[in-house]
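Fit chain W to the given chain P structure using the hints.
Residue-level listing of the chains:
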Amino acid sequence: MKTFNKGGVHPQENKLSNDSAIEVFPLPKQAVVFVSQHLGAPSTLVVQKGDKVKVGQLIAKAEQFICANTHSPYSGTVTKIDLAADFTGYKKLAVYIDVEGDEWMEGIDTSNDIIRDIKLDSAQIIDKIKEMGIVGLGGAAFPTHIKYMLPQGKKADYLIINAVECEPYLTSDYRLMKEKAEESLIGIEILKKTLNVDKAFVGIEANKPDAIEHFTQLSKNYKGIDIVPLKTKYPQGAEKQLIYALTKRQVPSGKLPIEVGCVVNNIGTAQAVYNAVQKNMPLVQNILTLTGKNVKQRKNLLVRVGTPLQSVIDYCGGLPEDTGKIISGGPMMGKAISDLSAPTVKTTSALLLMSKKESSRKEETNCLRCGKCVKVCPMGLEPIKIAQLAENRLWEDTEKAYAMDCIECGSCHFTCPAGRPLLDLMRVSKNHIGDLRRQRAQR
Amino acid sequence: MSIIIYSVLVLVLTGVISAVILYFVAQKFKIVEDPRIDLVVEKLPGANCGGCGFAGCRSLAEAIVKAESLETLRCPVGGDKVSKEIANLLGLEAVEADPQVAVIRCNGGKINTTSKVQYEGVQDCLYAHLNMSSEGGCPNGCLGLGNCVGVCAFDAIKIDSKSGLPVVDEEKCVACGLCVKTCPRHVIELRNKGIKNRRVFVSCVNTEKGALAKKNCNVSCIGCGKCEKVCEFDAIKIENNLAYIDFNKCRLCRKCVQECPTGAIQEVNFPPRKEKSTVEQTETIQN
Chain P
1 MKTFNKGGVH
11 PQENKLSNDS
21 AIEVFPLPKQ
31 AVVFVSQHLG
41 APSTLVVQKG
51 DKVKVGQLIA
61 KAEQFICANT
71 HSPYSGTVTK
81 IDLAADFTGY
91 KKLAVYIDVE
101 GDEWMEGIDT
111 SNDIIRDIKL
121 DSAQIIDKIK
131 EMGIVGLGGA
141 AFPTHIKYML
151 PQGKKADYLI
161 INAVECEPYL
171 TSDYRLMKEK
181 AEESLIGIEI
191 LKKTLNVDKA
201 FVGIEANKPD
211 AIEHFTQLSK
221 NYKGIDIVPL
231 KTKYPQGAEK
241 QLIYALTKRQ
251 VPSGKLPIEV
261 GCVVNNIGTA
271 QAVYNAVQKN
281 MPLVQNILTL
291 TGKNVKQRKN
301 LLVRVGTPLQ
311 SVIDYCGGLP
321 EDTGKIISGG
331 PMMGKAISDL
341 SAPTVKTTSA
351 LLLMSKKESS
361 RKEETNCLRC
371 GKCVKVCPMG
381 LEPIKIAQLA
391 ENRLWEDTEK
401 AYAMDCIECG
411 SCHFTCPAGR
421 PLLDLMRVSK
431 NHIGDLRRQR
441 AQR
Chain W
1001 MSIIIYSVLV
1011 LVLTGVISAV
1021 ILYFVAQKFK
1031 IVEDPRIDLV
1041 VEKLPGANCG
1051 GCGFAGCRSL
1061 AEAIVKAESL
1071 ETLRCPVGGD
1081 KVSKEIANLL
1091 GLEAVEADPQ
1101 VAVIRCNGGK
1111 INTTSKVQYE
1121 GVQDCLYAHL
1131 NMSSEGGCPN
1141 GCLGLGNCVG
1151 VCAFDAIKID
1161 SKSGLPVVDE
1171 EKCVACGLCV
1181 KTCPRHVIEL
1191 RNKGIKNRRV
1201 FVSCVNTEKG
1211 ALAKKNCNVS
1221 CIGCGKCEKV
1231 CEFDAIKIEN
1241 NLAYIDFNKC
1251 RLCRKCVQEC
1261 PTGAIQEVNF
1271 PPRKEKSTVE
1281 QTETIQN
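Protein chains in written order, with the working numbering: chain P, 1 to 443; chain W, 1001 to 1287.
Extracted from the complex, chain P is given alone in its bound form:
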């Protein structure tokens, strides 16, 4: 079975919410939609206080290069345009909407009919993806259309679809593959056409045998889509690792996947592209897994963007008593939430409720020099060395030790028997190096 070449760990899978089918989350009464929900330049607001909006109406426009549109996920009245706290506690510009009914914009097809014919050509598809505000749903929220506007002189050989879902607990992509396989495959076909490539690989981890089988069956109707089962190993779904596992190509340090002729997208993004191109539907909803060992009702929910996190938790039976940490995303790479009044964004794919015992850190002791962190690092770095340099605040040396190549998968931190905060120190180094580079650029 294919896999990446270096390192990796195998945390407990804990895919507890595998069997709960996707439920449609009821519309909240009030919603807060952030104006900018992507990586890059902020979008420009186009609605005003008091405006009536419909579902799918543009509320913020992309006016710069790396930027994405934002659409209203609700129909109702804009009551306020003000700052609102996101889950880190920082305030960002947001549109407050009082929800009234559920009226969609004209031209959006909300039926479940599957449209197989791809009428648009490559340039039109890119425009459509841009117009519908599609961003990468793997987590980084990078505007998708940018990936398909290849830099001059570069040519793509393969489209790679990430359906690995290597993070423990998360099941949103799995449910998507089970329930919306056909749509996802058409989405992949659209992306293939956009890139003008003949071959697309869909990497799925071997712990989802029924998804692999289901996809392999269906993919027989589509030419040039290969379903590749991959070894269950974390971080199989990391961009560079996935490219290596599927094509044996290595992305050079500090370069993008297009350097080796690959474009990588998440399976969720492919389905969103299908909705955008075939059904004219902007990115206003996504699948969210609410899970955790002590959660009463673990669910996969189809939520609209801008739903308050608290209401999602209440819907699933409320917060368990001994909750120690709430994480947005998976346990390996997710971020702890500090404010539950925050709304969901386009990329909120999971809420993980961990008990105090589960989330507490190991007691930190001295480094044992066992070298486990070096062994498991999928990027071939030496986390122990970078961590030591970081502890001594030698940021320039951490840069020389290639700290910037760290993909922040957390394998080193996970495996360290001494409980040392290796990932934290890696991230600290990366932040400080970023600072240094900015200072250098100013000079």
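Hints listed in this document are in silico derivations from the structure and should not be mistaken for laboratory results. Ideal placement from N, C-alpha and C gives every residue a C-beta, glycine not left out. One or more of the hints may lead you astray.
[Said to hold, decoys possible] Here are some of the chain P residues that sit facing chain W, going by a computed Cβ distance under 8 Å:
no., residue
1, LYS91
2, LYS92
3, LYS335
[Stated by the list, open to error] Ranges between beta-carbon positions, derived for each pair:
no., chain 1, residue 1, chain 2, residue 2, range
4, W, VAL1032, P, ALA140, 53 to 61 Å
5, W, ALA1094, P, GLU63, 46 to 54 Å
6, P, ALA21, W, GLY1210, 18 to 26 Å
7, W, VAL1032, P, GLU408, 50 to 58 Å
[Said to hold, decoys possible] Which chain P residues stay away from chain W? Per the calculated CB distances, all over 12 Å, these:
no., residue
8, GLU106
9, LYS193
10, ILE313
For chain W alone, coordinates are given in the frame of chain P:
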């Protein structure tokens, strides 16, 4: 006997030839350095802190020797004294500046805010700053993780265990500005030391609207504008819901301190006042 003579001769010859080669090489690759650089370096404190903006004392000395005026080239550690000495040495005009000190513009900490979440990550301000607002919820205030303590080359900053906030030792602080550059939240500012070390400043950097700021912190500036009105010297400006006192205009009358409804404005090193409330306030500052 002849062996000894030969060996001595060979050694002497090699020595002479090497000396001649070395002499010409040294002439050819001679580096002419301004002798004044060494003199200036002698005058500088030699802490190599980088507070002047150069890599170390020698780099500053090189720049000073080349420069025509000392306007921008100043050793913050040495202050006026060193500046004068260097000016005399080089025949330039000394530029005088008031002595400054680093001031922590946040009084939230553990005492005046209530923790809503607990931060468990690495003890680094920049990292915490990128991951969350703060334990108490203020997105602008001091995180108390001590990056400023780490960079201070003069051992002048300590984190107070009670309040969780950094405290500057006025005696030791030389106003090199390293902590100011390091703080990811720009909480620290260099302010003039003031007459008899007396200072009045707004101890808050929160730019949120009043109600929001007050929700998270008891002593935040709410941008009400009372201090701006009461100030007779036009020293206070309110921008982004935050008051700022210009230390060049402030005459230390302390009217604003009494006016401030949240106690965000602090006075330092003043003799205690007769009223009880303000006495308490000064005490907390000095602790």
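Quick rundown of the hints versus the structure:
1. Interface hint at LYS91/P: satisfied, since its Cβ lies 7 Å from the closest Cβ of chain W, which is below the 8 Å cut-off.
2. Interface hint status for LYS92/P: violated, as the beta-carbon distance to the closest one in chain W is roughly 11 Å, over 8 Å.
3. Interface hint status for LYS335/P: upheld, as the beta-carbon distance to the closest one in chain W is roughly 7 Å, under 8 Å.
4. Taking the beta carbon of each, VAL1032/W and ALA140/P are about 55 Å apart, inside 53 to 61 Å as hinted.
5. In this structure the supplied range 46 to 54 Å holds for ALA1094/W paired with GLU63/P, their Cβ-Cβ distance being about 52 Å.
6. A hinted range of 18 to 26 Å for the beta carbons of ALA21/P and GLY1210/W is inconsistent with their spacing of about 48 Å.
7. For the hinted restraint 50 to 58 Å between VAL1032/W and GLU408/P, the CB-CB distance of approximately 51 Å keeps it satisfied.
8. Its beta-carbon lying about 39 Å from the closest one in chain W, GLU106/P satisfies the requirement of being farther than 12 Å from that chain.
9. Residue-level check passed: LYS193/P sits 39 Å from the nearest beta carbon of chain W, beyond 12 Å.
10. Every CB of chain W lies more than 12 Å from the CB of ILE313/P, the least distance being 16 Å, so the non-interface label holds.
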